[in-house]
Each structure stands twice: as C-alpha cells, then as structure tokens.
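Given chain U, work out where chain R should sit, using these hints.
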Amino acid sequence: MSGGSPGSHTPGGRTLAGLTLRLLGLGLTACVIVGPLLSLCVWSLAERWTYPAAWPQRLGFRYWSRMLTADFLDPLKTGLGIAVLVTALALLCAVPLGYALARLTFPGRTLVLLAFLLPQAFPQLPVFAAATREFYRWGLAGTVAGVVLVHLVGGLVFAVWTMTAVFRAIDPALDEAAHNLGASATRAFLTVSLPLAVPGIVASALLVFLYSLDEFTGTLLVGAPFVTTLPVYMYTASQGYELQIASVTALVLMVPGAVLLLLLERVLRAEYLTFFGQL
Amino acid sequence: MFVWPVGVSLLASFSRDGGWTLANYGAVWRLYSGDVLYTVGVAAAGSLLTFAAAIPLCGWLRARAFGPVEFLLKVPLFVPFVVVGHALRVVWSPYLPGFAPSWPGIAVALAWKHLGLAALLMLGAFRGVDESFLEAARQLGSGTVRVTRDILVPMAAPALAVSAVLIFSSMLASFSIPLMLGRGSGGQMLMIDVYYRFGQHGDFETASALGVVSYLLAMGAALVYVRRLTR
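Line order of the protein sequences matches chains U and R. For the first sequence, my numbering begins at 1 and goes up steadily by one. For the second sequence, my numbering begins at 1001 and goes up steadily by one.
Derived from the structure by calculation, the hints contain no laboratory data. Keep in mind that the hints are not guaranteed to be accurate.
Computed far set for chain U versus chain R, every beta-carbon distance over 12 Å [to be verified]:
(1) Leu68
(2) Arg109
(3) Ile170
(4) Ala173
With beta-carbon atoms standing in for the labels, derived distance ranges [claimed, not checked]:
(5) R/Leu1031 x U/Leu24: 47 to 55 Å
(6) U/Gly142 x R/Ala1052: 40 to 48 Å
(7) U/Ala17 x R/Leu1031: 54 to 62 Å
(8) U/Pro172 x R/Leu1096: 51 to 59 Å
(9) U/Ala185 x R/Gly1034: 55 to 63 Å
(10) R/Ala1157 x U/Val34: 29 to 37 Å
(11) R/Val1145 x U/Ala70: 50 to 58 Å
(12) R/Leu1048 x U/Gly142: 36 to 44 Å
(13) U/Thr110 x R/Ala1052: 34 to 42 Å
Positions of the beta carbon are idealized from the N, C-alpha and C atoms, including for glycine.
Okay, chain R solo, but in the shape it has when bound:
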C-alpha cells in the first residue's frame, strides 16, 4: 500500500512522454538546487534549536523531576501539524510581520513541534544513565550544568543521535508547517515545491524527481547515523 506509490514516483521520475529520460532530474537541478540547500539548512537550524532547548531542559529535569514542566513538554506532541503552523504564523503577525515564512520563522515553528518528541526521547535516555555516575560527579562538586554536559550527553549519545536523525529527516520532509506559515521571499521548503509542481503545474514527473531527491536525503541522514554507529 505504501511501497507501491513510492515505486510509481520512482518510475515517473525517470520518464516523460512515454520515454525514459533523466530530464526531470535536470529540471530539479536547474530549478530547485537552491531550495534543496535551503531545506537542508532550515532542517539543520531547526534541529539545532530543538536540541539547544531540549538538552538543558532535560538535564535539569533529570536532576530534579518536575511534573508540570514535563507535562508542558508533552503538549506539542498532541498539537496537529497544521495547527502548529497556523499558531506560529499568527503569534508573530501582529508584531513581526514577515517573520513566520522566513527561514528562522520556519526553523522556530519546526523546533516548537519537535520539542515534545525530542524531550520525551532525551529524558528517557537521560533517565537510563545510572544514578551512581551522577552521584559521583556531584560528590566531586559538579553542578547540574556540568553533569549534563560531561556525563549525561556523552553517555546518552547513541540515543540522542537516533533522535537527531529522526527529527532532522522529519523536518526535511515537513510540509504542513511551512505551508501554513505562508510563502516568504527567498527559498522554499522542498515539500512545498513538490506540492506546487504537482498541484499547480500538473508536472508529476518533475515533482516525483524532487520526491526521489527527498527520499535520498532522508536515507542519507539515516546512513550518516549508521556509519557513525559502526565507526
């Protein structure tokens, strides 16, 4: 059910007017190479932002569990993507018009949505670190910041890497959030390009080629992770 449309788009990306060709990839290169870089950049910025917020928060929560904050961090998990996009469009609009569709605006919105997942995974990983290590560090006089930086993060690194890859690929493939944020000047997220190419230009072949590029990017992220693990 899922593999089959993937196959359809794979085949379509190499065909045009009944023949086999690479022309669709040429069009992707000509028209969208800037947007590919833009998308990778936004996803990287969004992931960094998510982790920059989640690491200190989870380090702090690992030191002292605090129910209300943990509950708040779960909230974004249960807010639909479209609602996140809209909320992070209207929250800026009276004060900073034009911020929402810009690249920092998209990165912030994506980070907001993924903070829930990142915190859930990270807190789980941090709580998996044996208490005796933390106790030893505290005996030696380390505060929460140092415990987080020197013990929790390095010891939970494999789990953090998994969630980083997961979040990065999800941001690469994000569609509803950038769509709801609106069209800005400058770059466009890749999925928006796919949508307009397919929906407005009716150009399924080029849209599929773009889609295949996005599959490769998602797999590339996963591969980087696997290589890191095996090294």
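Only chain U is shown next, with the shape it has when bound in the complex:
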C-alpha cells in the first residue's frame, strides 16, 4: 500500500498502529454492546444493591432459584406452547403462499407482498388496541387463542417473507424438469422444491418461534389479565421494582435469540438475515 499515514490502509492492520486501532474499536464496541447485558447478569445475582454503592452489597443465587417456582415456570410453559402453535400455523400458511409468491405471477401479487409488509411499517400498538377491543366482543381477549391470533399476524410476516426468499433461491428449472418427466405441479412441489427448501423452512420456523416467544406488546394487550408469557411476567416484575427477578427473566429470554444468532452465523446462509433489510 502506498501513501498516507502508516497502518491506516494496511488491509490486515498488521502494523502496531493498526493493531491498536482494531483493539480499541473492538473494546469500544464490546463495552457499548455487552455492557448493558453484563449489567443484567450482575443484577440477576445482586441480592442487595442500594443506591450509592457502585457494586452489589451481597451477591447470590437466591433470585435464580426462584426460576424453579410456578411463578416463573407457568409463563414459560404458556409462552412455549403459544410459540409452538404459532410456528406450526404460520408455516402451514407460509410454505404454499411463499411458493406461490416466488413462482407464480398472478394479479395482485405485489399487493399481497405489500400487505405482508404493512405490519412492519405501521405503529403496532394502536392496531393491537383495536384488535383487543374487537376480541372482547368475541370473547377472545384474555385467552390463549386470542394471543395466538395476534402473534400470527406478526409471525406470518416473517414466515411469508423468508419462505418467498427461500423459494426464489431454488432454480425453477428443477420443477420444470420434474414437470417434463410427467409429474403434476403438486407432485413437483412436494418431491422437488419442498425437500430443497427444508433448511429455509427450518430457519423460517426458528424466526417465527423466536418472534412469538419474545412478543410483548400484543400479548400484554390481548392476553391481559389471564395469559402471561415471560416478557409480560418480566414487565410485571420490573413494575413491582423486582429488578432482580426481571433481570433473571431477561437473561432467560435472551437464550433463544443467542442460539439463533449462533446458528445463523454458523449453519445458515446470510441471505436469511438480509430479509431484515428488505422490510
């Protein structure tokens, strides 16, 4: 490399100045990103921490042991049950719909795609409030079915967009080949496209599952007061100034996201991440 100050454009950053800069950048990013999350860990262990003290006066696992009580386990089970149901229902709709959106041209195709964009672009809370109001009339407010319906709205957005991207990545020529060999459209879909889409379907399922597990706003409005999932439980705890309980719950809530992040990083293609950017 030529010109400029030493180290500033060495691709590998092999000079001392470059190395220092990289470490500095890493340290700074780590502080900003990891700092608040680390603070959650400290808080979850703080049995006593009152204001001017810079560090908890007493550390221990008392609040972690509360995880084993029904207070914590019931919302966990409810949330997992809802997430499984939402994932199954969303994929049942999204796999054929994504295939249709990726392969077929039909009138209103763009409109359907746009309709699935809308929930991302719009403020969600007033919409959920209106949904809650309607659900009251049908007796769905405060029920698991109501919460599942609300999660499906958001879950379908994720599922349809990922499935469309997945089916777009599969060469249509493969389907045509099956077709030429005498397979019907359904059979071509079931025996050619569908098996090829399995990794994408798994990724999509994970995203929907995670979305449902973490969903807070809709659950708070529609589920109240009978359906409590972990995010709602965490909110209630933090409102009662039980910051430790809320911190323990927060850490547990981060586990599925962390697993997904590592999975996406290692196993799945980056393309599935880019759909965040398409929205």
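Just chain R now, with coordinates in the frame of chain U:
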C-alpha cells in the same frame, strides 16, 4: 387480519357515543400535542445517535473487515425489545438514577437496539460501493475518515435514507423500550400515551385518534423519503 383493526381504529377515532365527531382529535391536540413533539424529538435524537455511531464504525469495517466487531454489532438484532428496555434501565440505575426514563435515556436505549439493524444495512450498502473508487481515493492519499465521509456516505446515500426512515418510524412507534425504562418527568412517548389512554382510562376513541396521528407520522416519514428520491 391487520388492515381490519387499522380500519376499526380509524372509524373509532371519529366517533363518540354513537355519533361522528372530531372531538377526539381536539382532545389529542389539548392533551398530547406536547408529547407528539417530544416523541418526534426523541426519535430524531435516537436516529442521529444511531447513525453517529454506525457511520464511523461501518466506514472502518468497510476499510478492513473485522469479524468480532461485526458479530457484536449483530447482537442487538437478537435481543428482544423488552430485554433492551430493562437492560438499559438497570445499567444506569446504580450510578445515574433517573437517567433511564429521561429523553436522552430513551434515545440511547432506542439507539442501542437499532444499532444492529443500522449497521447491517449500512455495511451492506458500503460494501456495494465499487472498490475502484476507494482505491482511487486511497491513491490520492485519503485516509479511512475521508473515504467514509467523501465517498462511502454520498454514494450509499439512497440506501442510508431508506434505513434512516425505517429506523426513525420504528422509534416513533416504540412502545416496549420506553415502557420498560419507566415513567419519567416531562414528556411521554406517544405509544405509552395510547396504552394508558386505552388501558387505564378505557378511552378507546381518544387512544385511536392518537394512534391515527402516529400512523400519519410514520407515513409522513416515508413520504419525506419518497419526495427526496423523486426530486
């Protein structure tokens, strides 16, 4: 499924006690015009903060890819909103009590959550800029800072504008993060107002009118962007 509740809130915002009226918007104007401005201000501050952090970082990463930092930047994407709100409440509480629910506190928390998305989009846009431009600038003696400022940002401007609009509207509509940060003195975020109006006062009509205002703000942000593009 989604359009229908939007319609319900639109209709409700113009009705009260069975009749059609604009009274709900009057109430919004009287009670919440300050909060509308506050929300726009916080969202603007949050977006500025996000970009102020993301631009130098991504410019630097464009010059030299560095895996660990890129991985760290993806982390906020996978942390749920409620957890972000809580984490950025407790991180300040032992040292700066009262900072979390203040407007800078909310802006910082929102910026933290959106940094992941901003960096992902920006890095993609920066990597889309042809290497030959950067090489030419480097030959002429520009460092990373100048390359970022004079080449990467202007060339990626359309993509950056899209992500800015996306992030700004998302911050306008943020609910869980300000809710978890707690109630501060001074202004309130718009979505918190909607929630209390609906949940505690049971006043669905005024809450809907506030909601419609938030829809308009979100669409306004998108419109500004479209006009910028067509100009």
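Which numbered hints are broken by the structure, listed smallest first?
Per hint list: zero violations.
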